[in-house]
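So the sequence lines, in the order shown, correspond to chains A and B. Under this note's numbering, the first residue of the first sequence carries the number 23, and numbering increases by one thereafter. Under this note's numbering, the first residue of the second sequence carries the number 1481, and numbering increases by one thereafter.
Warning: the hint list may mix true and false statements.
To be verified - Cut-off 20 Å, straight-line C-alpha distance, at most; resulting in silico cross-link-like pairs (EDC-like, lysine to aspartate or glutamate):
1. A:LYS113 <-> B:GLU1737
2. A:LYS50 <-> B:ASP1526
3. B:LYS1534 <-> A:GLU220
4. B:LYS1583 <-> B:GLU1519
5. B:LYS1588 <-> B:ASP1606
6. A:LYS195 <-> B:ASP1526
7. A:LYS120 <-> B:GLU1737
What the hints assert, rightly or not - Stretch by stretch, here's where chain B covers chain A in the computed footprint (C-beta under 8 Å, at least three residues):
8. 85 to 91
9. 97 to 103
10. 189 to 202
11. 252 to 258
12. 268 to 282
Stated by the list, open to error - Computed spacing ranges between beta-carbons, pair by pair:
13. B:LYS1588 <-> A:ILE266: 25 to 33 Å
14. A:VAL261 <-> B:ILE1533: 32 to 40 Å
15. A:MET145 <-> B:LYS1588: 48 to 56 Å
16. A:ILE266 <-> B:ASN1608: 31 to 39 Å
17. B:GLU1638 <-> A:VAL49: 48 to 56 Å
18. B:ASP1634 <-> A:SER160: 35 to 43 Å
These aren't lab readings, by the way, just hints derived from the structure by calculation. In this text, a Cβ means the ideal position worked out from N, Cα and C, and glycines have one as well.
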Amino acid sequence: MLEHRFIKNFTKYKFLLAELVKRDITVKYRGSALGIFWSFLNPLLTMVVLTIVFGALFGKNIPNFPIYVLTGYLTFSFFSAATKIAMNSIKKGAPILKKMYVPKYIYALAGILSETINLFISMIVLVLVMMATGCPFSIFNLAAILPIFFLIIFTVGCGLILASINVFFKDIKYLYGVFVRLLMYGCAIFYPITIIPERFILLFYANPVYCAISGLRDSILYGTFPNPFVLLYLAVVSVFALIIGIIVFYKSQDKFILYI
Amino acid sequence: MDTPNHIEINEYNSLQSEKSDSSQDKVVIRAEKINMVFEMSPEKIDNIKEYVIKWLKRDIKREKFVAVNDVSFILNKGDRMGLIGLNGAGKSTLLKIIAGVMKPTNGKITVSGKIAPLLELGAGFDPNYSGRENIFLNGAILGYSKEFLESRYDEIAEFSELGRFLEIPIKNYSSGMRSKLGFSIATIVEPDILILDEVLSVGDAKFRKKSGDKIKSLFNSGVTVLLVSHSITQIKELCNKVIWLENGKIVMSGDAETVCDAYLKSVE
């Protein structure tokens, strides 16, 4: 019964979801001369900079440093951008949520979906750089979809939690900003994991974002199936985060209106 | 996971209508002992730092404010109900509860049918979007489907009288143009329930007449109306039922003429 109602309501508002995603994507680049091309250029330029700066330092142990950097950067920046956009979504939608009935989670979901589309557009850059650097393609490249899928699930969970907290405490934004910066250094984006002392390694594998990066690198850079243990851990944490996110959001959403 | 009140009731009502087919006294809105309590802290704590400090000092005060207190009513199809009362009496909160924006603290509200809230026209407009794009965005917010909007697009465009302006971004519109567009989108459906906070008259003299006519034709089509207004003459003219609220409580309810006269007497 509950599920039936949920699906009925979702069907009614799925056009709104599509419209919000479309708006996020079009408004982002509207007025810029290069438009959607920035979705390619941004990761590409970052990759070039990071490769120039850190390539000489760490490049020796890594077969294809540009790909190594790019896989890490794309994954991390998706997580960072999508959780931030979801965090602000309820506040941003306040003028409407205060006046009309709209399912609130649609707003959080729309932001994450638009960043997901952005991620897939950026993936084209990855393919181009693979061709340019002579990185061999393999059937295991397709397995990259698994860590990315679970990362999206994890992001939705985190996004729902952050969106709820941000309604009640506006300084979560700044705290989370600091946290994300810390997370960036903890994701081994531009250095090899081998330089990390043995006793800290577990800390990296506890981080779901790093697990996703590692899985992506296994399938893209090393042409193997992602480590099943890492993948399993990522899957469990993601589903757990999603459940917690739904519960937190569901329990607090009726109070949103009093605080936004 | 977030479902409005009305869906459940749709089914409830379809069950009912099978039993008795007299559509005229079909219950459209049923409010049972609605309470809305806001918990306000006297100082607004909206960041973690202050919250933690206050919590450590055991200093979090909460004051309860009852905005709507034990309100019950039933509206049948075709009823036009006016809400009157001084500012802060709880009229707008009650409208928001009926529209599904807020959930009451306790009590039960059941609403069946499509609601057209003519509360804030164009609340969902995006300034960077053109008029045409905003028709779809705003329509989506109102819960219309893509197919519906595509089939009615020309009608909306024509009613709005905006012509070639529909292709330029809304940020360049005047406020009159914006409300013309908002009105055209909001009234394109044939709603079962119309919610009005003050009777709308928007745009220039010509459009004012047109929007007034449109509202009148909606009124005559047997729609259920909820109207908040400070103009008692208007309430008397348009409504058949009136609820008079004071501090969230119903002071008096019933026939428009009687309640309005009593209200006017008390204000004087």
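So, going through the hints one by one against the coordinates:
Between LYS113 of chain A and GLU1737 of chain B the CA atoms are separated by roughly 43 Å; this puts the pair beyond 20 Å, and the hint is violated. Restraint check for LYS50 of chain A and ASP1526 of chain B: the C-alpha separation of about 29 Å exceeds 20 Å, so the hint is violated. The suggested pairing of LYS1534 of chain B with GLU220 of chain A is violated, with an alpha-carbon distance near 42 Å, which exceeds 20 Å. With a C-alpha separation of about 14 Å, the suggested pairing of LYS1583 of chain B with GLU1519 of chain B holds against the 20 Å cut-off.
Taking the CA atoms of LYS1588 of chain B and ASP1606 of chain B, the gap is near 35 Å; set against the 20 Å cutoff, the hint is violated. With a C-alpha separation of about 12 Å, the suggested pairing of LYS195 of chain A with ASP1526 of chain B holds against the 20 Å cut-off. For a cut-off of 20 Å, the pair hint linking LYS120 of chain A to GLU1737 of chain B is broken: about 33 Å separates their Cα positions. Coverage of a stretch by a chain is defined here by at least three residues with a beta carbon nearer than 8 Å to that chain's beta carbons; for the region 85 to 91 of chain A and chain B the count is 0, and the condition is violated.
Closer than 8 Å: that is the beta-carbon criterion, and the region 97 to 103 of chain A has 0 residues meeting it against chain B, so the requirement of 3 is violated. For the region 189 to 202 of chain A, the stated coverage by chain B is satisfied: 6 residues place a CB nearer than 8 Å to a CB of that chain, which reaches the threshold of 3. Three residues within the 8 Å Cβ limit are the bar, and the region 252 to 258 of chain A against chain B gives 0, so the coverage statement is violated. Here the region 268 to 282 of chain A counts 8 residues with a CB under 8 Å from a CB of chain B, which clears the bar of 3, and the coverage holds.
Our hint of 25 to 33 Å for LYS1588 of chain B and ILE266 of chain A holds, since their Cβ atoms are close to 30 Å apart. The beta-carbon spacing between VAL261 of chain A and ILE1533 of chain B, approximately 36 Å, falls within the hinted interval of 32 to 40 Å. One distance hint, 48 to 56 Å for the beta-carbon pair MET145 of chain A and LYS1588 of chain B, holds here, with the actual separation near 50 Å. Between ILE266 of chain A and ASN1608 of chain B the beta carbons are some 35 Å apart, a value that agrees with the proposed interval 31 to 39 Å.
Checked against the given bound of 48 to 56 Å, the beta carbons of GLU1638 of chain B and VAL49 of chain A, roughly 27 Å apart, lie outside it. The supplied range of 35 to 43 Å is broken by ASP1634 of chain B and SER160 of chain A, whose beta-carbon atoms lie about 53 Å from each other.
The structure is inconsistent with the numbered hints 1, 2, 3, 5, 7, 8, 9, 11, 17 and 18, although it conforms to all the rest.
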